[in-house]
Structure formats: C-alpha cells, structure tokens
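2 protein chains.
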Amino acid sequence: MQESSPRKRVTIKRLPERAAYDRETVYQILDAGMVAHVSFLDHGQPCVIPTLYVRLDDYLYLHGSPASRMLRVLQQGGPVCIAVTLIDGLVLARSAFHHSMNYRSVVVCGTGAVVENPDRKAAVLRQLSEHIIPGRWEDVRQPSEDELRRTLVVSIQIEDASAKIRTGPPKDDEADYELPMWAGIVPLRLAAGVPVADPRLRPGLEPPPYASDYQGPRPAPEG
Amino acid sequence: MQESSPRKRVTIKRLPERAAYDRETVYQILDAGMVAHVSFLDHGQPCVIPTLYVRLDDYLYLHGSPASRMLRVLQQGGPVCIAVTLIDGLVLARSAFHHSMNYRSVVVCGTGAVVENPDRKAAVLRQLSEHIIPGRWEDVRQPSEDELRRTLVVSIQIEDASAKIRTGPPKDDEADYELPMWAGIVPLRLAAGVPVADPRLRPGLEPPPYASDYQGPRPAPEG
Numbered sequence: 479m480q481e482s483s484p485r486k487r488v489t490i491k492r493l494p495e496r497a498a499y500d501r502e503t504v505y506q507i508l509d510a511g512m513v514a515h516v517s518f519l520d521h522g523q524p525c526v527i528p529t530l531y532v533r534l535d536d537y538l539y540l541h542g543s544p545a546s547r548m549l550r551v552l553q554q555g556g557p558v559c560i561a562v563t564l565i566d567g568l569v570l571a572r573s574a575f576h577h578s579m580n581y582r583s584v585v586v587c588g589t590g591a592v593v594e595n596p597d598r599k600a601a602v603l604r605q606l607s608e609h610i611i612p613g614r615w616e617d618v619r620q621p622s623e624d625e626l627r628r629t630l631v632v633s634i635q636i637e638d639a640s641a642k643i644r645t646g647p648p649k650d651d652e653a654d655y656e657l658p659m660w661a662g663i664v665p666l667r668l669a670a671g672v673p674v675a676d677p678r679l680r681p682g683l684e685p686p687p688y689a690s691d692y693q694g695p696r697p698a699p700e701g
Numbered sequence: 479m480q481e482s483s484p485r486k487r488v489t490i491k492r493l494p495e496r497a498a499y500d501r502e503t504v505y506q507i508l509d510a511g512m513v514a515h516v517s518f519l520d521h522g523q524p525c526v527i528p529t530l531y532v533r534l535d536d537y538l539y540l541h542g543s544p545a546s547r548m549l550r551v552l553q554q555g556g557p558v559c560i561a562v563t564l565i566d567g568l569v570l571a572r573s574a575f576h577h578s579m580n581y582r583s584v585v586v587c588g589t590g591a592v593v594e595n596p597d598r599k600a601a602v603l604r605q606l607s608e609h610i611i612p613g614r615w616e617d618v619r620q621p622s623e624d625e626l627r628r629t630l631v632v633s634i635q636i637e638d639a640s641a642k643i644r645t646g647p648p649k650d651d652e653a654d655y656e657l658p659m660w661a662g663i664v665p666l667r668l669a670a671g672v673p674v675a676d677p678r679l680r681p682g683l684e685p686p687p688y689a690s691d692y693q694g695p696r697p698a699p700e701g
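Chains Z and W, in that order, are what the protein sequence lines are.
Residues in the first sequence are numbered from 479 upward in steps of one, following my numbering.
Residues in the second sequence are numbered from 479 upward in steps of one, following my numbering.
Certain hints may be false.
[As the list claims (entries may be wrong)] Residues from chain W that face chain Z, not an exhaustive set, calculated with beta carbons under 8 Å: (1) C559; (2) V592; (3) S607; (4) V618.
[What the hints assert, rightly or not] Label pairs and their in silico Cβ distance ranges: (5) Z:A601 x W:P681: 51 to 59 Å; (6) Z:R627 x W:G694: 19 to 27 Å; (7) Z:K649 x W:G694: 45 to 53 Å; (8) W:Q506 x Z:S622: 34 to 42 Å.
Quick caveat, the hints were computed from the structure, so don't treat them as lab data.
We put the CB at the ideal spot given by N, CA and C, even for glycine.
Please build the complete structure, drawing on both the sequences and the hints.
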C-alpha cells in the first residue's frame, strides 16, 4: 500500500478533512468489517457484488465458487475497487441540510490473482473464518481436498487505499444553534441476537461462547 | 423495471435458488436499506462509493455535493450499478465449507440523470429524510434556496434489478449431521443505541421518539 502518497484513483476530493490514508487507519477499518462491496467490469459495464473478505498483510482475500462471475473477472487480473463501510450513527442536525451519518469507510483499488496452492488456500480460509467468527474454525469439520478444489480464493494486493471517517456531533450553521429542536447522534451498530439452533441439531448441544456472545469481526490471526 | 425477464447484466448465475426478480421483493429490500454501494466508471476504472439513497417508484435517488466525483459521472449519464445489502445473520454449519450468511441483497443497473427542478429536489430530499429517519423532516429547518442549489440530486431509473436472499438454517452434507458440534444461526441486525445529545444542545430538549426508539429505514411516504 502506498502510505504517504495516495494515488489519484482513490484520492478523496470532497470533504478532505474526513480523509485519512495511513495504513493503520485503513487496516483497522478493514479488520472491523464483514462484507465488502466489490466493483469490477463485465464487458465494460460496472458491476458491484457484496462478499465476505479478510485482510492479511497488504492483501484482501475473497472466496467463492469457481463459477462466480466476479471471481472469474478477478482471476483474470481485471481492475477492481472494493469498499468496506461501517455505519456508526445518524447525525441529526438542526437543519435538514446538515444531517449526516457517522461512518468509517475504506476504498481499495487493486488487481486480482488466484491463490493456487491448496495449503495456502486452506490457511486463507481459516483466517477468513477467524476474522468473521473468531474461534469457530477449530470446532468444525475441516475442508476436504474436493471442497478446496471447489473453492476459488482470490487475492487483491492493496495497491492504494483511502479511509473516510465522520465522527462526532452535528455541525450546524452558527445561527441555527438557537433553534429549539433536539440535535445529536443516534448510534448504530451491527448487533447480534440470541443464537437460533439448527432444527436438526443433535440433542444436548449448547451454542459456544463465540455464538452466544458474538462481538463482531476481529483482525485475522497471524500465520 | 423489467419484472418478468431479468436482463443479462444482473442475471444471477450462482445459486439461482437464492435469486428473485419480482418487483415487490426488490423494492422491499431497497426500502429496508440505508446505504447503497454505487459502482461507476472513472476514466475506465471501476469505482465504488457508499452513499445514502431513497427509492421512489421505479427510481433510486442519490444526493450530494455538485463536486462529488460519483455524482458528476452519474449526471453525465454514465452506466451505474448499485448494490444494497442487508446482513441478517451468520450461518454456522458443521463443516467449514457450508458456513454462510443470511442476507438480502439487491443489485440495480441503470443510468443517471440530474433532477433539476428545485421543488422536485426538495421533495426528493424530504422523502430521503423520511426514508432514513421517519418523522425528522417536519422538526428541522428546511433547506434554503442556496442549500438546494448546493445539493445535487441524481435519479437512476431501475432498468433492471435482481434480489438475492439467503434465509434459514445451515445446509450440511448429510453425513455431517451426526457430528457433535453446535450448528445454527447468529442473527445480526443494525441496531440503534441510546441517543447522544449534541454538546451544544439547548437546555431542556429531549430526544424525540424517532430518535430514542429508532426502528431503521422505512419506505418513503407518497408524494
């Protein structure tokens, strides 16, 4: 990732005070997200598809069926742009005009490449799982050779990236602060509910702590 | 929107049992979402940007600064692809391979056009506000002529669209149902917290019910 000199593709022109390019900020947001929106070209048309992902070092990894249109474009090395957006709250100002959202978002540009090595594929899938549901991987049946063959894993080197963040209270026009309406933030977050057991669950099995007290994505473990 | 014959751009090739094309399904998902990811071309490169939106009839509406790169491309009539994704839960299967997510997503393809008429712009902005925070618009200072001038509103006719939905428990390989690990769903939803007052709030103002009991986006009102 080009830390000190963001390239033109993702330089943020609007509200530059909300923009941040340092690697740590970008990676923190990517590591806290679950779903990425992947933009690619299909016969010259822009397309966008949501998908799970994990960041490892300077790469994002996606996975899916070898028949996936998106992954097929990516494995051919087509240009790709990926957004991860975390919604933190609604910003209620005194004027309609200054209403906003608090959010953290990252846009990454890069090109795709296939991860061919089966051991590497298995390692990436484990880290993807540990990113989304930390602790789950060790509890489940591991992928068979056939399942690994039927899973396409694509890496995208983070060639350039930018973060955009809004936090804090509304910013109203000075004259509007005298107006008599409530203003502030409605916090929002992706919250987990009580786990729902599979109807075919074997009797006597309780949800593990990572399910009953799910706390959201975590940075992928090392290795 | 082409209801009965989805056009090729957004025909879902993977897991077609998860695909739905009827207008009601597509509109229900769009009306329950808050942030869209908009994919467009900038000098031939795919780009994707998150933004608020509202659906009215067969159109999606976006708004922002006239200096926005995305809106500039859209107002020139460039092709655009828009995804709205609602995350409903994590699907914990007995095998790593069959882990999944429950979600509802819509992908819309279309082309942009500017909404020039100030009255129409104001109406769209009101409906956008009512979609995101029902009840707020009447409480706040309305946009001035200057603020309307400084707001670009772009419409995208929903030329074709498709929905993709996964619900329900994991689907494991038959042999795996005997395995002794927990399986089921961890429900997820975008949840609101307790409102945080602006530090400059006038004394004695309490958060209105639409803020203290925020229930998420709603279909835009008529008119």
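Subject >> Violating hint indices (sorted, rising) >> reply: 2, 6 and 7
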